[in-house]
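Here is what each chain is made of, one letter per residue.
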Amino acid sequence: MKPAAFDYQRADTAEAAVAALNELGEDARILAGGQSLMAVLNMRLAQPQRLVDISRSASLAEVRIDDHWLHIGAAATQASIERRPRLAHELPLLALALPHISHFQIRNRGTVVGSIAHADPSAELPLCLLALEGEVVLRSAKRRRVVKAAEFFTGMLMTARTPAELIEAVRFPLAERGTGHGFEEFSIRHGDFAICAVAAVADAHRVRIAVGGVADRPVARDFPVLAGSALDDALNELAWSLDARDEPQASAALRRQLVRRLGRLATDQALQSRGVS
Amino acid sequence: MTILSRDETHEVRLTLNGRARSGRVQPRLLLSDFLRHHLGATGTHVGCEHGVCGACTVQIGGVAQRACLMLAVQVDGCEVRTVEGLSGAEGLLGDLQSAFRRHHALQCGFCTAGILMSCADWLDRVADPTDEQVRQMLSGHLCRCTGYTPIVAAVMDVARRRRESAHA
Numbered sequence: 001m002k003p004a005a006f007d008y009q010r011a012d013t014a015e016a017a018v019a020a021l022n023e024l025g026e027d028a029r030i031l032a033g034g035q036s037l038m039a040v041l042n043m044r045l046a047q048p049q050r051l052v053d054i055s056r057s058a059s060l061a062e063v064r065i066d067d068h069w070l071h072i073g074a075a076a077t078q079a080s081i082e083r084r085p086r087l088a089h090e091l092p093l094l095a096l097a098l099p100h101i102s103h104f105q106i107r108n109r110g111t112v113v114g115s116i117a118h119a120d121p122s123a124e125l126p127l128c129l130l131a132l133e134g135e136v137v138l139r140s141a142k143r144r145r146v147v148k149a150a151e152f153f154t155g156m157l158m159t160a161r162t163p164a165e166l167i168e169a170v171r172f173p174l175a176e177r178g179t180g181h182g183f184e185e186f187s188i189r190h191g192d193f194a195i196c197a198v199a200a201v202a203d204a205h206r207v208r209i210a211v212g213g214v215a216d217r218p219v220a221r222d223f224p225v226l227a228g229s230a231l232d233d234a235l236n237e238l239a240w241s242l243d244a245r246d247e248p249q250a251s252a253a254l255r256r257q258l259v260r261r262l263g264r265l266a267t268d269q270a271l272q273s274r275g276v277s
Numbered sequence: 001m002t003i004l005s006r007d008e009t010h011e012v013r014l015t016l017n018g019r020a021r022s023g024r025v026q027p028r029l030l031l032s033d034f035l036r037h038h039l040g041a042t043g044t045h046v047g048c049e050h051g052v053c054g055a056c057t058v059q060i061g062g063v064a065q066r067a068c069l070m071l072a073v074q075v076d077g078c079e080v081r082t083v084e085g086l087s088g089a090e091g092l093l094g095d096l097q098s099a100f101r102r103h104h105a106l107q108c109g110f111c112t113a114g115i116l117m118s119c120a121d122w123l124d125r126v127a128d129p130t131d132e133q134v135r136q137m138l139s140g141h142l143c144r145c146t147g148y149t150p151i152v153a154a155v156m157d158v159a160r161r162r163r164e165s166a167h168a
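If you read the protein sequences in the order shown, they are chains A and B. Residue 1 is where the first sequence starts when you use the numbering used here, and the numbers rise one by one after that. Residue 1 is where the second sequence starts when you use the numbering used here, and the numbers rise one by one after that.
Just so you know, the hints here were simulated from the structure itself, not pulled from any lab data. In this text, a Cβ means the ideal position worked out from N, Cα and C, and glycines have one as well. Do not rely on the hints blindly, as some may be mistaken.
Which stretches of chain A does chain B cover? Using the computed rule of at least three CB atoms under 8 Å from a CB of chain B, they are [said to hold, decoys possible]:
#: 1; stretch: 8-19
#: 2; stretch: 42-53
#: 3; stretch: 106-112
#: 4; stretch: 195-209
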């Protein structure tokens with residue numbers, strides 16, 4: 001199908017994009033990589049009055065290390081992060097998760113911030129942002145505010161962003177020594193939407209387990225370092241707490257089993273990789 | 001900042017397979033339709049129009065991307081390469097195309113243009129791939145004829161021949 005008609009504006013600065021959002025609110029949509037939005041427009045699930053294209057903004061494509069954060073601007077592609085030579089040291093979880101995102105042709109254009117803005121409950125990047133306790137930088141005409149991942153995802157395709165705000169950047173905390181990471185995903189084919197994905201982050205005292213694809217948003221839980229049947233019990237409790245639903249592609253029981261199984265694998269991977277990075 | 005109105009057409013200039021081309025388009029026109037219907041470059045095929053099937057894959061600035069998930073107005077000033085730009089001297093098949101022919105890596109050909117454009121980008125980055133890597137790269141394309149095995153064989157063959165000629 002083809003998109004309904006809209007006006008098109010190329011915005012090469014955050015200020016220009018914010019001005020358009022300030023004027024039009026929900027009637028304007030930010031177009032970054034378009035790998036979710038263009039499909040939504042083609043299917044006419046959204047019919048905005050204006051598209052504000054930030055994909056050619058050099059300032060919004062900036063990726064930099066800022067104190068102990070990796071700051072990723074709104075126009076930076078997933079491929080640009082995946083190809084960072086030191087990504088496995090900077091953010092081992094992203095190095096594990098990025099290859100699972102759709103296909104390389106999509107990652108070539110799709111942006112990190114776009115995936116987080118879209119907030120699909122089965123998407124890898126919202127899951128990683130939550131697992132790593134990252135932050136979202138929102139900018140409106142009046143102010144800039146920073147929202148923690150745990151407060152940003154509010155439901156199915158819903159976020160804490162207000163209509164007049166641009167997601168200027170997201171930031172992931174750089175991996176600390178002694179922290180280990182695990183990522184496991186189950187989908188029908190490589191690159192399909194995850195039926196269940198689990199990210200785990202472990203240090204000497206704590207294991208943080210985040211689950212995507214099951215609840216209406218990614219969900220993270222912190223546990224003390226557990227092993228054996230105590231870990232199985234914790235994962236079982238987590239699996240039942242997510243309100244998994246029966247869908248044609250996967251039953252609720254399958255999803256719960258995937259939380260238990262992938263949770264175990266991701267946790268073991270995280271515990272074993274502590275101290276490696 | 002200029003706003004392109006939905007009701008008007010707007011000039012788009014691009015370099016298509018090394019030649020300067022232009023057209024007038026509404027903002028909502030997809031790149032895939034611009035290439036086929038305005039510029040006559042019908043080698044690029046249109047399948048699902050939501051980025052899944054891969055038939056419309058082209059290269060923008062040398063990078064493989066879906067033409068159905070881009071607007072024509074977005075390629076103003078860009079270098080676009082389609083399957084028409086893959087052929088060698090005097091319109092003969094390029095090495096990738098020849099390998100697909102040798103290995104019977106296509107039957108109906110609908111998916112082929114997109115696969116070739118992905119492979120052309122990808123092989124520049126991954127010179128010595130494994131079968132598994134090729135299969136993962138091809139997961140961004142749907143082919144209902146071949147069962148993929150001959151496509152994998154063709155891609156591996158091109159990679160090997162390119163490595164050999166680089167060392168020769």
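Evaluation of the provided hints:
no.: 1; hint: 8-19; in the structure: holds (count 6)
no.: 2; hint: 42-53; in the structure: holds (count 5)
no.: 3; hint: 106-112; in the structure: holds (count 3)
no.: 4; hint: 195-209; in the structure: violated (count 0)
Hint violations for this structure: number 4 only, all remaining hints satisfied.
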